[in-house]
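Kindly generate the complete structure, drawing on both the sequences and the hints.
Chains as they are written, first to last, in this note's numbering: chain Y, 94 to 397; chain W, 94 to 397; chain S, 94 to 397; chain E, 94 to 397.
Calculated lysine to aspartate or glutamate pairs in the EDC-like style (CA-CA distance at most 16 Å, straight line): (1) Y:Lys319 with W:Glu393; (2) S:Lys375 with E:Asp196; (3) Y:Lys319 with W:Glu386; (4) S:Lys371 with S:Asp147; (5) W:Lys296 with W:Glu142; (6) W:Lys319 with Y:Glu386; (7) S:Lys375 with S:Glu113; (8) W:Lys371 with W:Glu111; (9) Y:Lys296 with Y:Glu142; (10) W:Lys101 with W:Glu142; (11) W:Lys97 with W:Glu142; (12) S:Lys319 with E:Glu386; (13) Y:Lys375 with W:Asp196; (14) E:Lys319 with S:Glu393; (15) W:Lys319 with Y:Glu393; (16) W:Lys224 with W:Asp276; (17) S:Lys319 with E:Glu393; (18) Y:Lys168 with Y:Asp226; (19) Y:Lys383 with Y:Glu111; (20) E:Lys319 with S:Glu386; (21) S:Lys115 with S:Glu129; (22) S:Lys383 with S:Glu129; (23) S:Lys221 with S:Asp276; (24) E:Lys221 with E:Asp276; (25) W:Lys151 with W:Glu288; (26) W:Lys150 with W:Glu288.
A short, non-exhaustive set of chain E residues, derived as facing chain S with CB atoms under 7 Å: (27) Glu181; (28) Lys321; (29) Arg322; (30) Gly337; (31) Pro360; (32) Glu393; (33) Phe397.
Rather than coming from a laboratory, the hints here were simulated on the basis of the structure. The model shown is predicted, which means the values in this text are computed figures rather than measured ones. In this text, a Cβ means the ideal position worked out from N, Cα and C, and glycines have one as well.
Here's the letter readout for the chains.
There are 4 protein chains.
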Amino acid sequence: MNYKAVLKNIYQTIIAEENEGKVATYIPELAKVNSENFGVHFLSVDTEEHGIGDWQKKFSIQSISKVISLSLAYKIFGDTIWERVGVEPSGTAFNSLVQLESDHGIPRNPFINAGAMVICDMLVTHLKNPKADFLAYVKEICNCDQIQYSETVARSEASIGYRNKALCNYIKSFGNIKNDPKDVLDFYFNMCSIEMNCKELSKTFMFLANSNFKTSKGEKLLNTSKTKRVNAIMQTCGFYDESGEFSFKVGLPGKSGVGGGIVAVHPDRYCITVWSPKLNEKGNSYRGMKFLEAFTTVTELSIF
Amino acid sequence: MNYKAVLKNIYQTIIAEENEGKVATYIPELAKVNSENFGVHFLSVDTEEHGIGDWQKKFSIQSISKVISLSLAYKIFGDTIWERVGVEPSGTAFNSLVQLESDHGIPRNPFINAGAMVICDMLVTHLKNPKADFLAYVKEICNCDQIQYSETVARSEASIGYRNKALCNYIKSFGNIKNDPKDVLDFYFNMCSIEMNCKELSKTFMFLANSNFKTSKGEKLLNTSKTKRVNAIMQTCGFYDESGEFSFKVGLPGKSGVGGGIVAVHPDRYCITVWSPKLNEKGNSYRGMKFLEAFTTVTELSIF
Amino acid sequence: MNYKAVLKNIYQTIIAEENEGKVATYIPELAKVNSENFGVHFLSVDTEEHGIGDWQKKFSIQSISKVISLSLAYKIFGDTIWERVGVEPSGTAFNSLVQLESDHGIPRNPFINAGAMVICDMLVTHLKNPKADFLAYVKEICNCDQIQYSETVARSEASIGYRNKALCNYIKSFGNIKNDPKDVLDFYFNMCSIEMNCKELSKTFMFLANSNFKTSKGEKLLNTSKTKRVNAIMQTCGFYDESGEFSFKVGLPGKSGVGGGIVAVHPDRYCITVWSPKLNEKGNSYRGMKFLEAFTTVTELSIF
Amino acid sequence: MNYKAVLKNIYQTIIAEENEGKVATYIPELAKVNSENFGVHFLSVDTEEHGIGDWQKKFSIQSISKVISLSLAYKIFGDTIWERVGVEPSGTAFNSLVQLESDHGIPRNPFINAGAMVICDMLVTHLKNPKADFLAYVKEICNCDQIQYSETVARSEASIGYRNKALCNYIKSFGNIKNDPKDVLDFYFNMCSIEMNCKELSKTFMFLANSNFKTSKGEKLLNTSKTKRVNAIMQTCGFYDESGEFSFKVGLPGKSGVGGGIVAVHPDRYCITVWSPKLNEKGNSYRGMKFLEAFTTVTELSIF
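Below is the structure:
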């Protein structure tokens, strides 16, 4: 398979078409990004690598970070984490409070905001210096040094994140947040504010694609079974209430963020990251979805 | 991989453990089945084949039939079917009416009852003799002659299926059923009443596993893209509100029925059917779930 | 109080203003009515009586009939009826199925469609000739002979009443309908099709206003406590999800129907009926609501 | 009517019966109250007055305060308040977040927590010293000097009120809270912590019963129409999802609080306050509900 040619071809087709959708504006800082950024980075398990367009520019990874925090909590606590968060798709928007009421404070899955907060709460409890330790972990699995939180974005979201504050206090009212909601939210907003470029994201997600993956310290992150399970949750829950659509059209496990990034993983083959800030009405990158659908259609490679 | 040994080993382990759950009783006829039946049939794309236990006994395939009707409608109407039914997991029980209200009569996916009825409605409109033509289609893709509806089971469900009647009339009230609800329900109850054994089911689902599949008439059923998409929907929606759990634990696309059957598909590798009538509280075969989780864990083969 | 002058004055004011809203079209027969009809009939407990405009024209009383069937069931079965239907406002539209799911088939109150069907089911069980006996009862409390079902309207609604069929089958699935849904629906559609004029409605509802009320056979219908309780349910539940608004603006117990009729009761003082077919977006008569708000505001007479 | 004898008689009957229900424990301070307290105070518009049992003991009025804050906001802002809060019963529990989602942040009515917070937000915006000014207002309409906030109770609720914090932040996320949620919640928790005895509550609510009511400064609080409208909202919304039941059984507008108090108003006749801390499962005073049902049944006096 000539991946390079396929990637280039799709990129050129899509960049020539209208760039629909809207940049996320609910976080004031994110609204400032140039909406025409468009980057792609492909990394195979045998280290074939292709970057196109704005693949070296940093962007806010936002919800994509939830996969990283899940992997850390899963590594630390094992399957006990599933007592406090489910693995079912939610069928509703990413920040819905409705389901929490009927589910008595147990979020449906770790990728809706509520579930990610419960995972953050576990890490806040366990890590000595939660923010510093988490960042060190990210750098380790990415094997890159140049990764930072964006204080500006974190503060920007904290300043208007009333719905997330509502969510966190609501889960606390059910007893499924153990720490002070303020501390959990501070960790959560920082985690979401991490900035990476497409290449760093592809590298970071390699632990889900490559069964021989080792961290920069030579450590295996998750065993085979746990790795498969994280992929399975991405497959069913990675795109909020468009998860079925992504699975249907792209056929790969993946995760999106409102910064416009999407990472998809083809186990035993490759990671691919696409970044384009304009979002469709479900909150997923318009060009990102389009690119990945075309990619798996043309290559006829998906997990199905 | 010595599939035979693995299958046998898991079968013996599970049959020695307590058989929890309950046989479905809401369809009176189904309640009569012997709850200790336990059959497995494995069929690889290169025709390696293993049957264990009650793999030759017929049982009511129930909702597993929804994959077959979907494939027929998809073949006939192509992607226009997605105007009337979605591809998102529902997050709620299989016969919930709540979501239909907020979704204005467009069922979330073709595998919840509401969605399957919309698919049935399409077939009732298009087929000359809906029941006869559908059965002929089933026989063709299974390449077996000995397949029948169970009039007893269909009548039994019709006699008490008030919730399904409610569903069908409700969708009709939104205009998303075109025929008389009575005719659609008659087709639906018959379709669910089809009886097969494990081997016949494995053979029937081979069109989703084998990219070179041809029907008994030498016809390719669905092209690669459509085949992958049916698998993707099974992955996210095949087990009602336990779809995430199945994806998480088993990691394969599959479909269950309240008769206690489960078929799972590993694209390009195999189909596997397990049948055991006792259901867990989500309505999926207790031993079926257990068997398949063990099978993909031991073989370390799943799509992820 | 010079009721006559007040009524006339308000009538003239309102008829001079634009007649907003829309005639109900979901029952084809109802769509044929002249939307400019506008009648009022006032009847005090001491038999002062005023008719204005189209007060002698018959119209389809629709949901107003639910108060009459409730009174008959309450008379026959006493407080046991509350085991099968509640007395709480629903907070949702009149034909919502959502609440029934969380309430396990016990409708919130007897004035939403679901609750009225449960009341109808009780009457179908108890009455020898349900339709004939119910009509006789209506004539008796109204003390009028010229009251009939409209076969045309009943058939018209039956032909398209898929949502009501869904509701009835749904309640049946919870076991809270005892008869065949077909028979219950036939009774229900007929009951709603009763035609009366404003005067007949005012007379019919006098048993809720006049504590000395006797039927044409000299019988007291409901005792004081039961009478008050029916009024209380009309107060909180008589106008679907506009019940609070009616209570707030008009301050009287009352009941509306999609035919455009509204009856309001001031206990120990009067009954008043207004009819005007155009409905506001909540399904209540636009001019009816306006008239009654003006009437209780001008007279400064409400129950509060 | 010999009110005194009737009241005494009912009191003695009920005190002899088992005192079911549970004292509210979710606010730690409230859990400390003696659950056998039982007081009644009756005050007619012509100043007939009867106190029985613990009518002189102070208790936490909690949600009863929501009627007082509503009256102040209504007086200040007039009917513009209804742009930010509705008048419909909610059909759900007092602290539900679900409806807010479908209603886009407009609470159903001013007596559910969400609605009361919106009213508090208006007062926080308008009053110079919100807490001091509000207390002065309460003293003025009660014509009593000895009324205070309980700092202990307010702090106690603030320390655990995660669900209320969730609610307030959630409404803020829709833009229907203008101030900092912290300030609104501080006002809200203080308002709910006001302590009164039965007599003070009866006196405070006299402005809703007596059309000639004047405050201690000789001011008419609300005009006739506004007074009736507050009563109407109490009638339909005063008891959370037991409002219909209270209307049905008692037939008077009223308001309850989790401190075990209930005030009921018979317009043009009397106010009556009952206090007994044990609550039924809907969160309303067990003995309070029982007492008032008996009182209006025996006297055959209700608004219906």
